[in-house]
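Engineer: One letter stands for each residue in the lines below.
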Amino acid sequence: MTRAILGRLLTAALLLTMLVALAGPWLPLPSPTERVGVPFEPASWSRPFGTDVLGRDALARTVHGGRTLVLQALAATALGSIVGLVVGTCAGLARGGPLKGVLRVVDGLAAVPPLLITLLIAAGRPGSDFAVLVAVTLVSLPFSVRVIGAATARLAGLAYVRTALARGDGRFAVIRHDVLPNIASEAWAEAGLRFIAATQLCATAGFLGLGAPAPAANWGRLVRENAVGAGAQPWPVLAPALLLVVLALGMTLTADRLTSPVRRPRNERNTAP
Amino acid sequence: MSNLPRRAFLGFGALTAAGVSGLLTACSSSSDGGGDDAGATLRAAFAGGGSSETLNYFVGPTALDFVRARLVHAPLGAIDAGQPDGVSYGILESIEISDDLTSYILRLRDSVTFTDGSPVTASDLLHSLRAPDELEGLPFTRLVGRSFDLASARKLDRRTLRLPTAQPIADGRLLLCQSMLVIKDGTTEFTPKTPSCGPFVIEAFEPGQQTVLRRNPDYFGDDVNLDEIHLLSIGDAEARVNALREGQADFVSGVSPFNARDLAKTRGLTVRAGEPPYVSNLRFEMNLSHAPFKDERVRRAFRLAVDRQAIVDTVYFGRAEIGNDVPALGFPSYDTGLEQRSYDPDEAKALLREAGHEGMSIELTAGPELTGMVETATLIVENLRAIGVKASLNELPAGQLFADYEAYQRLPFAAGYNPSAPFEANHTPGTFPDVDKLVATARSAPAESDREAASHKAQGLLWEKGNEIIPVFVPTVDAHTDKVSGVRSLQFPDLSAVELASA
Amino acid sequence: MIRFGLTRGVTAAAMMLLLSAVLFFSTEALPGDAAGVVAGADATESERAEIRKRLGLDEPAVARYVTWLGDALTGDLGRSSAAGRPVAEVLASRFGNSVVLVGLAVAGIAVLATTFGLVAGLRAGRLGDRLLSSMTVTLIALPEFLLATGLVVALAHQGGMFPAVSIFPPGDSPWQHPDMLVLPVTGLVLGGLGVATRLVRAAVVSVAESPAIEQARLDGESGVRLAWSYVLPAAAAPGIQGLAVMAAGLLGGSLVVETLFNYPGVGSELARAVTYRDAAMVQGLGLALAGSALLILFVGDLLAGLLNVRSRPASWRRAERGAP
Chain A
1 MTRAILGRLL
11 TAALLLTMLV
21 ALAGPWLPLP
31 SPTERVGVPF
41 EPASWSRPFG
51 TDVLGRDALA
61 RTVHGGRTLV
71 LQALAATALG
81 SIVGLVVGTC
91 AGLARGGPLK
101 GVLRVVDGLA
111 AVPPLLITLL
121 IAAGRPGSDF
131 AVLVAVTLVS
141 LPFSVRVIGA
151 ATARLAGLAY
161 VRTALARGDG
171 RFAVIRHDVL
181 PNIASEAWAE
191 AGLRFIAATQ
201 LCATAGFLGL
211 GAPAPAANWG
221 RLVRENAVGA
231 GAQPWPVLAP
241 ALLLVVLALG
251 MTLTADRLTS
261 PVRRPRNERN
271 TAP
Chain B
1 MSNLPRRAFL
11 GFGALTAAGV
21 SGLLTACSSS
31 SDGGGDDAGA
41 TLRAAFAGGG
51 SSETLNYFVG
61 PTALDFVRAR
71 LVHAPLGAID
81 AGQPDGVSYG
91 ILESIEISDD
101 LTSYILRLRD
111 SVTFTDGSPV
121 TASDLLHSLR
131 APDELEGLPF
141 TRLVGRSFDL
151 ASARKLDRRT
161 LRLPTAQPIA
171 DGRLLLCQSM
181 LVIKDGTTEF
191 TPKTPSCGPF
201 VIEAFEPGQQ
211 TVLRRNPDYF
221 GDDVNLDEIH
231 LLSIGDAEAR
241 VNALREGQAD
251 FVSGVSPFNA
261 RDLAKTRGLT
271 VRAGEPPYVS
281 NLRFEMNLSH
291 APFKDERVRR
301 AFRLAVDRQA
311 IVDTVYFGRA
321 EIGNDVPALG
331 FPSYDTGLEQ
341 RSYDPDEAKA
351 LLREAGHEGM
361 SIELTAGPEL
371 TGMVETATLI
381 VENLRAIGVK
391 ASLNELPAGQ
401 LFADYEAYQR
411 LPFAAGYNPS
421 APFEANHTPG
431 TFPDVDKLVA
441 TARSAPAESD
451 REAASHKAQG
461 LLWEKGNEII
471 PVFVPTVDAH
481 TDKVSGVRSL
491 QFPDLSAVEL
501 ASA
Chain C
1 MIRFGLTRGV
11 TAAAMMLLLS
21 AVLFFSTEAL
31 PGDAAGVVAG
41 ADATESERAE
51 IRKRLGLDEP
61 AVARYVTWLG
71 DALTGDLGRS
81 SAAGRPVAEV
91 LASRFGNSVV
101 LVGLAVAGIA
111 VLATTFGLVA
121 GLRAGRLGDR
131 LLSSMTVTLI
141 ALPEFLLATG
151 LVVALAHQGG
161 MFPAVSIFPP
171 GDSPWQHPDM
181 LVLPVTGLVL
191 GGLGVATRLV
201 RAAVVSVAES
211 PAIEQARLDG
221 ESGVRLAWSY
231 VLPAAAAPGI
241 QGLAVMAAGL
251 LGGSLVVETL
261 FNYPGVGSEL
271 ARAVTYRDAA
281 MVQGLGLALA
291 GSALLILFVG
301 DLLAGLLNVR
311 SRPASWRRAE
321 RGAP
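Chains as they are written, first to last, in my numbering: chain A, 1 to 273; chain B, 1 to 503; chain C, 1 to 324.
Pulled out of the complex, with its shape left as it was, chain A reads as follows (with noise of 0.2 Å):
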């Protein structure tokens, strides 16, 4: 009981992290690059968060510095998502052959260090947010495809799509009619991992300095740029960190929640073949 008020309370948190972060740079709030202050202010009624590194606004400078982060994990999310089902599915249901092959060279590319990629790219591209997005998708994109394909998989061996099949369904008809439905949680919840990987590999990318350049601010930036700080002045390090951490939680849970509940009625389903 109170853990269900904890995940909706956690969703609701999500929901408000997600809008702070999208609709966070038209707040009427002093500009995110001006000098306001001395560096590490402490914070007062004006300045809830104080002054960062700069002297800058830190509830200003976290309130912008979500937007590029969660629409970059959100965009490589939906085109890992996107290409991971169309490969993932054509894969799972193939018995051998080339596209058996593309699920062994996708495991291959799994084993490329995600850092060594994202900092190949972001090094190729210096300062572009673009190359973070193109880099996130490439290191989601193996584990989205192995775990739809490995879903598709397990159907493809039950009685009613190789019946399907067999009656001469075309392959897309089948993945549409039957594959899809049945793999949507899944799918669902898979997406909701990648969105949790990618926000936390675009943060730390900024962290390391990769991806948007110095003024605008990424929440991973801002926690590396404020933490000399820390003892003096928490809250420019607290405020992205704990936004970094509500969004991250509150996508576990409720990915957490696709999942659970599908569970059983495909365990009814599972006929030994």
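Worth flagging that the hints you see were computed from the coordinates, not collected in a lab.
Glycine residues also receive a C-beta, built at the ideal position from the N, C-alpha and C atoms.
Where hints are given, some of them may not hold.
[To be verified] Derived pair list, reagent style DMTMM-like, types lysine to aspartate or glutamate, alpha-carbon separation capped at 25 Å:
{"hint": "1", "chain 1": "B", "residue 1": "349", "chain 2": "A", "residue 2": "169"}
{"hint": "2", "chain 1": "B", "residue 1": "193", "chain 2": "C", "residue 2": "219"}
{"hint": "3", "chain 1": "B", "residue 1": "465", "chain 2": "B", "residue 2": "321"}
[As the list claims (entries may be wrong)] A few chain C residues that don't get close to chain B, going by computed Cβ distances all over 12 Å:
{"hint": "4", "residue": "14"}
{"hint": "5", "residue": "130"}
{"hint": "6", "residue": "135"}
{"hint": "7", "residue": "142"}
{"hint": "8", "residue": "268"}
{"hint": "9", "residue": "306"}
[Said to hold, decoys possible] Covered by chain B, per the in silico footprint, the following chain A stretches (three or more residues, Cβ under 8 Å):
{"hint": "10", "stretch": "48-60"}
{"hint": "11", "stretch": "73-79"}
{"hint": "12", "stretch": "153-160"}
Assemble chains B and C onto chain A, guided by the hints.
Structural biologist: Leaving out everything else, chains B and C in the frame of chain A:
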């Protein structure tokens, strides 16, 4: 069977316990240092350069490579404005200049030997001067080769060398003593065993991690007090400061401004900043091939728009010198008579309007190549916005500002910096012909007063119409425990004369 | 099983070839080159061209790839363009350090995740499980850089009992200084523990519902014994695969921890090489990392396969044939 799992779990427990106690003993034994604690050991941390660190200081790209080399190989001298010659001598006894400024006589100290016992001779000195070119050293090591005709150098006797100049120059002493070190004739590779004649010898070297230096008992100088120096490579600035706080290092170089303020308040720690001329100039170059910057009024407007005091206060917490758009602060020829550029956004706005470039857009490119460069660039962008310029900042990750140098030179508005160096010898010609001519005179006029007049005139022109904004001069900020004394700020910190008070 | 191992081995080798090409040409595509970085700001044009020629940057890319691959097969990974050190030498000193760090972290994660996962999974839905699950979810939500920054900040202002910075005297291996490993390993363990615990718990929950465990319960087995002798063996296969994926990722991905604690591993060296356009170094280190990641995954797959064969031979063979 039934006992197996429990035993297994107990086994795990025992293993963990052993691990923990192992850790604790390791802790206590490692904290009291190297063991044979006969004399003083200084542990000094620098940013280093990972595995790219090298003993070949001609190609070593990081400050640490040069700091290390300067402790191992004796320097010719050091720039020292307090001395009559403008330099203090190291392994050299004197540098005499001919009246027509076309030849220099370098004289070595008597009876100095390398670690292999051989004496240091004029041949070694000549090889040391030629090595940067022969070993394809980095440009900053080749400063001497550009101004002197090294091919025609002649040995006068065992310890005297006559060096003709390429064109007459008066500032050769500064060039020779800025960063030249003495190595043995024929040295082309550098290993810990390479003969040297500096205050310390290399005992162990692990690139990117640590260098252990031990005192050279045969060193000619008498101001060496340490027995060992451990040079630690710690890339991250925060990690360096933590190493100092936790007592893992006695001296750390390259402290960030905020940390400096914090550390200065910490008991038992001292923060020190280099003094002019040992400061780097942080410059913002307005590319003259970018149309609006062709107009002198736009350049002046940009210079007037910058709030220099705010940069010194917020970015450097007071640990920087205000710049006046002219390089080489602190060198004898620096023109202190020039009026300090004021902060005048209204005048700047008026100038822009007059030039017809009101509301122009500009992108400033910067990277974290020098302490505070990005932060200063951020403030300058804000300053420019305040006078109506649509300014934006393009911040590059570390190491990328100069990575594509052709592209860097094409940028309309870019940050950069020069380490401490005299103005005239480091002037890059090609932008303003009248300035170039004055600089040539400033280097070659026979009378000192003429040289100074020409130099001041050149600086005046640069102040008037130049295309660089030099808002601040940035010192290297170091921090050390109160036990440490005798650190000298040169271009890089010089640790050779450090003393450690016993606890 | 042997066939399975062979196919996986061949695939891994092919993958390796593909990755080497991707690595080589993606580093080729970096704008600018080492010449600009090495030369510095005050270099003249001819000095720049000379450095470029010395570094061999004026030959065509395909020719350089073939040469590089051939050399790499004989163990010669070229020289760093920064100071001319052989890449293989750097790799030898850094790779061992990384293996120690990641090995300890993975061991820590394995022990903790197994314990927590078993406790939570066998009590699914009860208080202990809920507490542990909340902890896991929180850990997952905390990016590694936050955890590590937290550790560093706490240290700087409280004064810790463990050294904040890893400083190994020349010639020493990290083994000889376990005190310096504590914080970097803790950072990595905290970063990976959440995901691993979740994975083990999920595996345990699904195993716990199986008829075999039901039977064991009915036979009166419970507690540690049930967990150790019945549940763990059955849940081990997915657990090992999960750990393999994690270890593979950590080997090159411990960059943040390495930077913050100054640990001399491969990750920070790789980041430096990318920043300074040190192509030979990026290629060499990247190749080694990708290779060892593939190797770890391959071994993980093999182990999991072996465990699966032992516990469910019939279904495994069916799956292996790929057809019902």
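Engineer: Would you mind marking each hint as holding or not holding in the structure?
Structural biologist: Results of checking the hints against the structure:
| no. | hint | verdict |
| --- | --- | --- |
| 1 | B:349 <-> A:169 | 73 Å, violated |
| 2 | B:193 <-> C:219 | 73 Å, violated |
| 3 | B:465 <-> B:321 | 22 Å, holds |
| 4 | 14 | 31 Å, holds |
| 5 | 130 | 25 Å, holds |
| 6 | 135 | 20 Å, holds |
| 7 | 142 | 19 Å, holds |
| 8 | 268 | 7 Å, violated |
| 9 | 306 | 20 Å, holds |
| 10 | 48-60 | holds (count 3) |
| 11 | 73-79 | violated (count 0) |
| 12 | 153-160 | violated (count 0) |
Going down the numbered hints, you'll see the structure goes against 1, 2, 8, 11, 12, while the others check out.
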